[in-house]
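Asks: Protein chains in written order, with this note's numbering: chain A, 1 to 542; chain B, 543 to 773; chain C, 774 to 879.
No lab work stands behind these hints, which were simulated from the structure alone. Beta carbons are placed, not taken as given, at the ideal position from N, Cα and C, and that holds for glycine. It cannot be assumed that every hint is accurate.
As the list claims (entries may be wrong) - Derived lysine to any residue pairs resembling SDA-like cross-links, with alpha carbons at most 20 Å apart:
hint : chain 1 : residue 1 : chain 2 : residue 2
1    : B       : 659       : C       : 806
2    : B       : 610       : C       : 803
3    : B       : 610       : C       : 784
4    : B       : 696       : B       : 590
5    : B       : 610       : C       : 792
6    : B       : 666       : B       : 709
7    : B       : 696       : A       : 235
8    : B       : 610       : C       : 786
9    : B       : 638       : B       : 696
10   : B       : 638       : C       : 850
11   : A       : 492       : A       : 8
12   : A       : 532       : A       : 188
13   : A       : 9         : A       : 21
14   : B       : 610       : C       : 810
15   : B       : 638       : C       : 801
16   : B       : 666       : A       : 46
17   : B       : 696       : A       : 236
18   : B       : 666       : A       : 227
19   : A       : 532       : A       : 500
20   : B       : 610       : C       : 783
21   : B       : 638       : C       : 788
22   : A       : 519       : A       : 535
23   : B       : 638       : C       : 784
24   : B       : 610       : C       : 788
25   : A       : 278       : A       : 339
26   : A       : 492       : A       : 475
27   : B       : 666       : B       : 717
28   : A       : 532       : A       : 340
29   : A       : 519       : B       : 610
30   : A       : 278       : A       : 229
31   : A       : 278       : A       : 235
32   : B       : 659       : B       : 696
33   : A       : 519       : B       : 654
34   : B       : 696       : A       : 336
35   : B       : 610       : C       : 804
Claimed, not checked - Anything over 12 Å on all C-beta distances counts as not near chain C; from chain A, calculated:
hint : residue
36   : 19
37   : 58
38   : 119
39   : 183
40   : 254
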Amino acid sequence: MSTAPVPPKVHYLNADYGWRSWLLTTDHKRIALLYLVSVTAMFFLGGAYAVLIRLNLLEPTGSLVSAETYNKLFTAHGVIMVFFFLIPAIPATLGNFLIPLMIGAKDLAFPRINLLSWYIYVVGAVITLQALVNGGLDTGWTFYTPYSTAFANTAVVTAGVGIFVTGFSSILTGLNFIVTIHKMRAPGLTWFRLPLFVWAHYATAVIQILGTPVIAVTVLLVAAERAFHFGFFDPARGGDPILFQHLFWFYSHPAVYIMILPAMGVMSELVTAFSRKKVFGYRFIAMSSLAIAGLSFLVWAHHMFVTGLSVYAAMVFSALSFTVGIPSAIKVFNWTATLYRGSVSWQTPMLYAFGFIGLFTFGGLTGLFLATLGVDVHVTDTYFIVAHFHYIMVGGTIMAYLGGLHFWWPKITGRLYPEWWARVSAVIIFVGFNLTFFPQFIVGYLGMPRRYHAYPPEFQVLNVMSTAGASILGIGYLIPMVYLAWSMRYGKVASANPWPATGLEWQTTSPPPTLNFDKTPAVADEVYDYPKLIESKGAVLA
Amino acid sequence: MPEAHAHAGPLRHHFADLDQQQESSALGMWLFLVTEILFFGGLFTVYTIYRHLYYDAFSAGSHHLSWKLGFANTLVLIGSSLTMAMAVHSAALGQKGRIVLFLLLTILLGGAFLGVKYVEYSEKILPCLGDGPHAGCLVPGARFDASALHLEGKEAREVQLYFSLYFGMTGIHALHMIIGIPILALLAWLAHRGRYSALWHTPVEMVGLYWHFVDIVWIFLFPLLYLIGHH
Amino acid sequence: MSEHDSQHRRHVVPVPVYLAVFAALCVGTVLTVTAAGHDFGALNTPIALGIAATKAILVILYFMHVRYSPRLVTLMVSAGFAFLALLILFIMSDYVSRPWPIVPGS
Numbered sequence: 001m002s003t004a005p006v007p008p009k010v011h012y013l014n015a016d017y018g019w020r021s022w023l024l025t026t027d028h029k030r031i032a033l034l035y036l037v038s039v040t041a042m043f044f045l046g047g048a049y050a051v052l053i054r055l056n057l058l059e060p061t062g063s064l065v066s067a068e069t070y071n072k073l074f075t076a077h078g079v080i081m082v083f084f085f086l087i088p089a090i091p092a093t094l095g096n097f098l099i100p101l102m103i104g105a106k107d108l109a110f111p112r113i114n115l116l117s118w119y120i121y122v123v124g125a126v127i128t129l130q131a132l133v134n135g136g137l138d139t140g141w142t143f144y145t146p147y148s149t150a151f152a153n154t155a156v157v158t159a160g161v162g163i164f165v166t167g168f169s170s171i172l173t174g175l176n177f178i179v180t181i182h183k184m185r186a187p188g189l190t191w192f193r194l195p196l197f198v199w200a201h202y203a204t205a206v207i208q209i210l211g212t213p214v215i216a217v218t219v220l221l222v223a224a225e226r227a228f229h230f231g232f233f234d235p236a237r238g239g240d241p242i243l244f245q246h247l248f249w250f251y252s253h254p255a256v257y258i259m260i261l262p263a264m265g266v267m268s269e270l271v272t273a274f275s276r277k278k279v280f281g282y283r284f285i286a287m288s289s290l291a292i293a294g295l296s297f298l299v300w301a302h303h304m305f306v307t308g309l310s311v312y313a314a315m316v317f318s319a320l321s322f323t324v325g326i327p328s329a330i331k332v333f334n335w336t337a338t339l340y341r342g343s344v345s346w347q348t349p350m351l352y353a354f355g356f357i358g359l360f361t362f363g364g365l366t367g368l369f370l371a372t373l374g375v376d377v378h379v380t381d382t383y384f385i386v387a388h389f390h391y392i393m394v395g396g397t398i399m400a401y402l403g404g405l406h407f408w409w410p411k412i413t414g415r416l417y418p419e420w421w422a423r424v425s426a427v428i429i430f431v432g433f434n435l436t437f438f439p440q441f442i443v444g445y446l447g448m449p450r451r452y453h454a455y456p457p458e459f460q461v462l463n464v465m466s467t468a469g470a471s472i473l474g475i476g477y478l479i480p481m482v483y484l485a486w487s488m489r490y491g492k493v494a495s496a497n498p499w500p501a502t503g504l505e506w507q508t509t510s511p512p513p514t515l516n517f518d519k520t521p522a523v524a525d526e527v528y529d530y531p532k533l534i535e536s537k538g539a540v541l542a
Numbered sequence: 543m544p545e546a547h548a549h550a551g552p553l554r555h556h557f558a559d560l561d562q563q564q565e566s567s568a569l570g571m572w573l574f575l576v577t578e579i580l581f582f583g584g585l586f587t588v589y590t591i592y593r594h595l596y597y598d599a600f601s602a603g604s605h606h607l608s609w610k611l612g613f614a615n616t617l618v619l620i621g622s623s624l625t626m627a628m629a630v631h632s633a634a635l636g637q638k639g640r641i642v643l644f645l646l647l648t649i650l651l652g653g654a655f656l657g658v659k660y661v662e663y664s665e666k667i668l669p670c671l672g673d674g675p676h677a678g679c680l681v682p683g684a685r686f687d688a689s690a691l692h693l694e695g696k697e698a699r700e701v702q703l704y705f706s707l708y709f710g711m712t713g714i715h716a717l718h719m720i721i722g723i724p725i726l727a728l729l730a731w732l733a734h735r736g737r738y739s740a741l742w743h744t745p746v747e748m749v750g751l752y753w754h755f756v757d758i759v760w761i762f763l764f765p766l767l768y769l770i771g772h773h
Numbered sequence: 774m775s776e777h778d779s780q781h782r783r784h785v786v787p788v789p790v791y792l793a794v795f796a797a798l799c800v801g802t803v804l805t806v807t808a809a810g811h812d813f814g815a816l817n818t819p820i821a822l823g824i825a826a827t828k829a830i831l832v833i834l835y836f837m838h839v840r841y842s843p844r845l846v847t848l849m850v851s852a853g854f855a856f857l858a859l860l861i862l863f864i865m866s867d868y869v870s871r872p873w874p875i876v877p878g879s
């Protein structure tokens, strides 16, 4: 550790130059960076809409914008964040970059399809943004019928086409991951030696394959209804609007597991690396990922408890919704048990990991409230729900995403980010997040409905707190943009394994060569063998 | 020092050998077909619900279709599946000429299927065009002529859902064939140019899988749309 | 390297098998029409679906070579149909049970 690391002479970033080498690349690492740029741009766009929402909610009269405009704001925020950020973020950036490295392969199974998936994402984004900008969309990201089919006079069809197209990006990514993980593991890399990050992405891919087509056909039906007046969801024609909700949520509930499973995969890597210990209950965590993928398809109607659903069906879905919490809980228990008697260090990725454990657990527990029929009837369509899913999506997924981004940043860029700036941002984000969303639990329980531009004046204090929190959160997100970009040029050069951590990705240079490994590795070690790593590397890196 | 690997023509560099490449392609294609199962499945779901709710109207609508045309079309499509399987078989045996022959036969049969579909659609859609009375129009909407089915009131509305599903499901099915036929033509052209061998003919196999899937969808569509309550 | 057959030449299905499957499919189609002409009461739909499913399975096993493919392919296909079945059955359970009485005895 006394000599400064020297970057490899040729690696994937400098192997070729020019816009064609990026826009026509089939290197999974470059495609991951293309996605990184795109999802980051979409994140800040979705965030801008969030800022406008929170600014409008400073006053109970909500008169910053008109009610119609407000509907367009929360719709845009939801559509962008769900479809263009949360679903692709971890799989398409970290997953794309790391999976071939983690399994000792030269690339994914279908590199050209990988590039195609990015282009499809971009085209889908352009179409959807076009709709959001030209006339806008005011149906909510859930575009419930019959409003979306019969009454809305906004760009529903265009947005629907955009979402339809974007869905294929998700499908192709999932397809690629499943085939890659089955067929391209290095010699000796058995299933139970795979990093849990890989298991998590495999489970995610299963959901992407099984679920996404259903929302594709559902969006098509909505478009057809608007264009051709088919009547599937029109009561006047014998249709049932609730059927739309069934079809919509059949995908959209598993979709939230597409958003959280990769984050859990990141968590497994971070918790072991920064406890310098083997993960507790590896097989349980691996199997729980598959269990979540399977069970996630059996719970969707908990979004529909107040629609006039059959009470019997509601009870079944309620019971199943409780069970889907179990595998998630198993993961949290096992990460906690991993920390126990570990040698815990507090670098930025670990700060985010701790944030995740706290916030995801909290948000997940509120999910149990919502699975309870009686409670849900009271809090559904209030800010309680909004707070619940933001705790999971933002407190969970985004924290894990940032933690993973920081953890693998040296591998991706060959540079170290500035640790103190990163820690400060993590703390700012944690504080800002809680200030934004905790008051929403309270105000929701007290009865403030969601998706309304105005609210009863007695809720103003809590709303102002939430908006204040949102500004802090926004600052917290902007700071990493600055120092991460700065580090790419001016950051300290990173060694191949700066933490050090186990995993094949750390056995190659930082950044890796285009074909990932100079020699295909053969795997003989068990996964997360930190005792062995520490023994071989000597002192622990502080 | 990058390891040297055999560069058989079609072998992509990230695969170790053609077997791994072919097996990966097959898995990928099957995963895509699984998405198609769920995609069409969404339509079958809508069908199931509304047939359950409005059986009599659905039965009336189904009686109005020509089961004989549907029956003939089913045999045509099954035949095209046979010729497609034979095309793959010929590719596996490296018989270039026969690949082309069977692919062309598949295209022919697929085209025949679409031709019958055109006939069926025309007789339902043409009455809807232009001004004047739209007797016999079976496109759901303002011009739908329920009296052609001797239905009125509630059932006149419900049967429109049946026809929405009829057009929607057979339409998307036909779209899959319309996309498939040019791909088959491209395959035939490449086969003619000697692109495929016994060692490597993965594209033929993959397109075959797609074509068989389209056949399977129709195997379910025929009884579900054409034969409701025919007893 | 992941497990794969070392043989280059994969199993080639003999033509008579294809012809037999084709014949079975044609018979099945005739059967479909014939069965539709009889009233089996509550069994009408299961019979129609059963015949269609049998035909589909023949296409999958033989024309699509699943019989001669790795078990993973069988698993994937089964998973696809299984989740479709879940979609249909769970949604149907809502519609079927909506009219059921909530209060016992009412």
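Asks: So, for every hint listed, does it hold in this structure?
Replies: Taking the hints in turn, this is what the structure says about them:
The suggested pairing of residue 659 of chain B with residue 806 of chain C holds, with an alpha-carbon distance near 19 Å, which does not exceed 20 Å. At most 20 Å may separate the alpha-carbon atoms for a hinted pair to count; residue 610 of chain B and residue 803 of chain C meet this at roughly 11 Å. Proposed proximity of residue 610 of chain B and residue 784 of chain C is contradicted: the alpha carbons are some 38 Å apart, above 20 Å. A threshold of 20 Å between alpha carbons decides the hint, and for residue 696 of chain B with residue 590 of chain B the separation of about 19 Å falls inside it, so the pair holds.
A hinted pair counts as satisfied when its Cα atoms are at most 20 Å apart, and residue 610 of chain B with residue 792 of chain C does not qualify at roughly 24 Å. Among the hinted pairs, residue 666 of chain B with residue 709 of chain B is consistent with the structure: their alpha-carbon atoms are about 10 Å apart, no more than 20 Å. Distance check on the hinted pair: residue 696 of chain B and residue 235 of chain A sit about 11 Å apart at the alpha-carbon level, within 20 Å; holds. The hinted pair formed by residue 610 of chain B and residue 786 of chain C fails the criterion: a straight-line CA distance of about 32 Å is larger than 20 Å.
For the hint pairing residue 638 of chain B with residue 696 of chain B, the CA-to-CA distance comes to about 58 Å; that exceeds 20 Å, so the pair is violated. Proposed proximity of residue 638 of chain B and residue 850 of chain C is contradicted: the alpha carbons are some 31 Å apart, above 20 Å. For a cut-off of 20 Å, the pair hint linking residue 492 of chain A to residue 8 of chain A stands: about 14 Å separates their Cα positions. Note on residue 532 of chain A and residue 188 of chain A: the hinted pairing holds, with a Cα-Cα distance of about 18 Å set against a maximum of 20 Å.
Between residue 9 of chain A and residue 21 of chain A the CA atoms are separated by roughly 18 Å; this keeps the pair inside 20 Å, and the hint holds. Note on residue 610 of chain B and residue 810 of chain C: the hinted pairing holds, with a Cα-Cα distance of about 13 Å set against a maximum of 20 Å. Restraint check for residue 638 of chain B and residue 801 of chain C: the C-alpha separation of about 32 Å exceeds 20 Å, so the hint is violated. Between residue 666 of chain B and residue 46 of chain A, the direct Cα distance comes to roughly 46 Å. Violation of the 20 Å bound is thereby established for this hinted pair.
Using a Cα cut-off of 20 Å, the hinted pair residue 696 of chain B and residue 236 of chain A holds, with the two alpha carbons roughly 10 Å apart. Taking the CA atoms of residue 666 of chain B and residue 227 of chain A, the gap is about 19 Å. The hint holds against a cut of 20 Å. Simply put, residue 532 of chain A and residue 500 of chain A have alpha-carbon atoms about 12 Å apart, close enough for the 20 Å limit, and the pair holds. A C-alpha spacing of about 40 Å is found between residue 610 of chain B and residue 783 of chain C, which places the hinted pair above 20 Å, so the restraint is violated.
Annotation: proposed proximity of residue 638 of chain B to residue 788 of chain C holds, straight-line Cα distance about 17 Å (limit 20 Å). Distance check on the hinted pair: residue 519 of chain A and residue 535 of chain A sit about 24 Å apart at the alpha-carbon level, beyond 20 Å; violated. Taken as a hint, the residue 638 of chain B and residue 784 of chain C pair is honoured in the structure, with Cα atoms around 19 Å apart against an allowance of 20 Å. Distance hint between residue 610 of chain B and residue 788 of chain C is unfulfilled; the C-alpha atoms sit about 29 Å from each other, more than 20 Å.
For the suggested pair residue 278 of chain A and residue 339 of chain A, the alpha carbons sit about 10 Å apart, so the restraint of at most 20 Å is met. About 25 Å separates the Cα atoms of residue 492 of chain A and residue 475 of chain A, which puts this hinted pair outside 20 Å; it is violated. At most 20 Å may separate the alpha-carbon atoms for a hinted pair to count; residue 666 of chain B and residue 717 of chain B meet this at roughly 18 Å. Proximity of residue 532 of chain A to residue 340 of chain A is assessed by CA-CA distance (about 19 Å); at most 20 Å being required, the pair is judged to hold.
Our distance criterion of 20 Å between C-alpha atoms is broken by residue 519 of chain A and residue 610 of chain B, whose separation comes to about 63 Å. Proposed proximity of residue 278 of chain A and residue 229 of chain A is contradicted: the alpha carbons are some 58 Å apart, above 20 Å. Restraint check: the Cα-Cα separation between residue 278 of chain A and residue 235 of chain A comes to about 57 Å, which exceeds 20 Å; the hinted pair is violated. With a C-alpha separation of about 29 Å, the suggested pair residue 659 of chain B and residue 696 of chain B falls outside the 20 Å cut-off, and the hint is violated.
Note on residue 519 of chain A and residue 654 of chain B: the hinted pairing is violated, with a Cα-Cα distance of about 54 Å set against a maximum of 20 Å. Simply put, residue 696 of chain B and residue 336 of chain A have alpha-carbon atoms about 60 Å apart, too far for the 20 Å limit, and the pair is violated. Pair hint residue 610 of chain B plus residue 804 of chain C holds up; C-alpha atoms about 14 Å apart against a cutoff of 20 Å. With a least beta-carbon separation of about 36 Å from chain C, residue 19 of chain A lies farther than 12 Å from that chain, consistent with its non-interface assignment.
Consistency note on residue 58 of chain A: stated as away from chain C, and its beta-carbon is indeed over 12 Å from all of that chain's, at 41 Å minimum. The claim that residue 119 of chain A is not at the interface with chain C holds, since no C-beta of that chain comes within 12 Å of its own (minimum 26 Å). At roughly 5 Å, the least C-beta separation between residue 183 of chain A and chain C is not larger than 12 Å, which violates its mark as non-interface. For residue 254 of chain A, the shortest C-beta to C-beta distance to chain C comes to about 10 Å, within the 12 Å cut-off, and the non-interface label is violated.
Hint violations for this structure: numbers 3, 5, 8, 9, 10, 15, 16, 20, 22, 24, 26, 29, 30, 31, 32, 33, 34, 39, 40, all remaining hints satisfied.
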